[in-house]
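Number of protein chains: 2
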Amino acid sequence: MKHFKQSDTIIAIATAHGTGAISVLRLSGDDAIELVDRYFFSKKGVTKKLNEVNSHTIHFGVIKNDAVVIDEVLVSVFKTPNSYTSENVVEISCHGSNYIQQQLLQLFVKAGARLAQPGEFTLRAFLNGKLDLSQAEAVADLISSNSATSHEIAMQQMRGGFSTKIKVLRENLVNFASLIELELDFSEEDVEFANRDDLKQVILSLQRVIQKLIDSFEVGNVIKNGIPVAIIGKPNAGKSTLLNALLDEERAIVSEIPGTTRDVIEDEVTIDGVLFRFIDTAGIRETTDAIEAIGVSKTFEKIKQSSIIIYLFDVHELSRTELENIIDELRPKIGNAQLVIVGNKIDKEDIDYTRKEFSTLGDLLFISAKDNESVEILKKNLVDLFDKRAVNVTETVITNARHVEALHHTQSSLHKVFDGLNANQTTELLATDIRNALHHLGLITGEITTDDLLANIFSKFCIGK
Amino acid sequence: MKHFKQSDTIIAIATAHGTGAISVLRLSGDDAIELVDRYFFSKKGVTKKLNEVNSHTIHFGVIKNDAVVIDEVLVSVFKTPNSYTSENVVEISCHGSNYIQQQLLQLFVKAGARLAQPGEFTLRAFLNGKLDLSQAEAVADLISSNSATSHEIAMQQMRGGFSTKIKVLRENLVNFASLIELELDFSEEDVEFANRDDLKQVILSLQRVIQKLIDSFEVGNVIKNGIPVAIIGKPNAGKSTLLNALLDEERAIVSEIPGTTRDVIEDEVTIDGVLFRFIDTAGIRETTDAIEAIGVSKTFEKIKQSSIIIYLFDVHELSRTELENIIDELRPKIGNAQLVIVGNKIDKEDIDYTRKEFSTLGDLLFISAKDNESVEILKKNLVDLFDKRAVNVTETVITNARHVEALHHTQSSLHKVFDGLNANQTTELLATDIRNALHHLGLITGEITTDDLLANIFSKFCIGK
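Residue numbers (my numbering), protein chains in the order written: chain C, 1 to 465; chain Z, 1 to 465.
Chain C with its partners taken away, still in its complex shape:
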């Protein structure tokens, strides 16, 4: 890990690419302040030395290369260790033209700064002890969060909630490990410092907590990536109308704020802070008849990917018996997904009749997607279905596949410890398995890291963070 730690000065554009009112370039490293100072001239002709100003102060002036003014800028100075990376950091706020951004980048690269790798600022923050690894990972999650729930979980993780939980688990295990290791030191004397029954109890309670964290990943994952929903039904049941009704309203709200661009994939919609993702909605739009083709493996697979399946039917087209048959055929094929049966194209005049007609089928929802009638109720139902499935979001939720993998490894090591205890295994073997469990837990918060692991984690960051 050692060779990762560097303090040469790195630079990157920290704001989104493209043209904006302003852009921010960020430099971090031993020479960051000195480097900017060489090209920075404060406006009033006073030669202000950035080395001499206070940390956390802002200075107006120009960046000049020889006689050529590249831009009028604001320079923010952060002195080690009071900065994001804990190194000297300078942020240059310039006019948001691509040309100026590039000129400034090139100027400082020529002067000796190095273009930062993705996530390198946060990597340095981690290596300098400003954040643990799971907090660092949460920074990336936070930036890509696009709903209230994913934002909340990432924020909680960045602020250390999840790390604290893991650290407590690890400490419990470390306490026992140290007793076991002590036994190894005195192995000739055949003593037992660690009460085997107590150890079993600790292992069991650790396993319970870890399993709960592992289980939370299913929820965490859908929170992060959106709850997969499939809308299926016969042609002309109104699937695309319904999809538009679900999507459009949200769009209208967003576009109330001028100048916002929704950087999200089409056919995602956030309802009440929960992100729903409509699976292969292109398919929804062009599908001929999902149900008739249900034997076809592709449709089948799509349904399998969904957490929620909306079966939409035209109340004027299907009789109760037909619907019953379809539902009976459908149920065994949808696995654990939740099925929501929705009758579309209701006529307000006839709604009571319609309800009666299908009443034996249980709690169906009747809407008119076209007239936006009761679509709100469907939305509320979707959110409720999520809430039922979810562990409470205020509890710790795993959203990171790497973490869940480490937890699985921890769990399987703990299993071995437990089995070993039952089988009266040697202390050496017990110690090895406990060490393995500790190792995997340590990978999560970064007590234990490898170059590959770090490279892999931070390569997924955006440049400038």
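Any given hint could turn out to be false.
A pair holds if it fits inside one copy or across any two, identical chains being indistinguishable in the list.
Unchecked claim - Here are the computed lysine-lysine pairs in the BS3-like style, where the Cα-Cα straight-line distance is at most 27 Å:
| # | residue 1 | residue 2 |
| --- | --- | --- |
| 1 | Lys167 | Lys212 |
| 2 | Lys212 | Lys304 |
| 3 | Lys79 | Lys43 |
| 4 | Lys165 | Lys64 |
| 5 | Lys348 | Lys370 |
| 6 | Lys79 | Lys49 |
| 7 | Lys200 | Lys304 |
| 8 | Lys167 | Lys43 |
| 9 | Lys79 | Lys48 |
| 10 | Lys167 | Lys130 |
By construction, these hints were calculated from the structure, which means they are not laboratory data.
Computed from a prediction, not measured in an experiment: that's the story for all the values here.
Fit chain Z to the supplied structure of chain C, relying on the hints for placement.
Showing chain Z alone in chain C's frame:
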């Protein structure tokens, strides 16, 4: 103009849209600091009052709405009058997620801030006397500048170079105007305070300077929008290969810097700091035979839009006589555009023979677009052609259509003054024309403005500037 001046607190996202490492929200107005203070909590639990901190300082903490942490942020405080707008300004540097940006925007809008109109920050800077109007316009030009020359001109204008020139012109005219106005006060006495011959001299010299500025617009315009170049020639002359050779090299240079996105229109290329724009290059790629179709008005029009026309021919296909005929046919049709005749597909072995073959046709350039042979020389020639046409860029260059229009009006008023002097017009009429000239000059730097004018100028800005 008065009702434009407001000091309510405005807010906008100032960085480019989309997801980046960080984003910056900017607030300006009487209550900007107080408003942020309500939701900002410095990390260490110390309740730091932003009202009490020094100007130009940065503060780390969280923005909280009730108990919910929206983000960990850096808050920069600028106190009136030492800010961009000269009002209280706060910049919030947050994590660059769209979700967070929107949450913060909505929080402060609910708290009483107003979403800023495009350019409203700069409008306020103008209304508060931080910039004159042409400097304010240069801010927008600077942000959209995409070549060294357009950047240099915008920077010069923003830093007041052009304004100073206009102000000097206007002062000269004001001096004479005041003498003329004085004559009006004493009109019954029939005195002449302003010597008519001296006045004529001043008018003539003003007209010379203004004409030079007007003339510079042609250059200024191409600098800003790119020099229009058409590549024409028979099918298979290698037009698209040449275009790619001209474009690709530059792309390679740009992509050396990781994470840069070129926000420019396809088929523009900057050579030696000069922007060239290839007219309807889609057409270049699919054209059948531009020369044969030269009678067709569309092709003809495209050629008329170009400043430079590259006629490309295959050295193995055309005989000297054929080429001569084509050139003779072409020349009268290209107006003021510069014609560059380029022989393509040269064979290194036969280059001397080829040169000899076409030698009577003057200074032709021979290249191989495919092998990138002598393409560099063609590029240098393009830049040289521009330099010959250009007034020296270090002189004042007009790039703004509004300015050139005002200068035209000024010029025509000055004409009337001059004609009036020759015709011994009454002082009243002279005074009116001089006042008109002053009015139009004043429109440029904003001594004279109207609501419409300001609305029109600033509506073209991006939001957040």
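Hint check:
no. : hint            : verdict
1   : Lys167 - Lys212 : within (16 Å within a copy, 74 Å between copies)
2   : Lys212 - Lys304 : within (24 Å within a copy, 73 Å between copies)
3   : Lys79 - Lys43   : both (22 Å within a copy, 18 Å between copies)
4   : Lys165 - Lys64  : between (50 Å within a copy, 24 Å between copies)
5   : Lys348 - Lys370 : within (13 Å within a copy, 70 Å between copies)
6   : Lys79 - Lys49   : both (14 Å within a copy, 22 Å between copies)
7   : Lys200 - Lys304 : neither (39 Å within a copy, 88 Å between copies)
8   : Lys167 - Lys43  : between (50 Å within a copy, 22 Å between copies)
9   : Lys79 - Lys48   : both (16 Å within a copy, 20 Å between copies)
10  : Lys167 - Lys130 : within (16 Å within a copy, 54 Å between copies)
Consistency note: the structure conflicts with earlier hint 7 alone.
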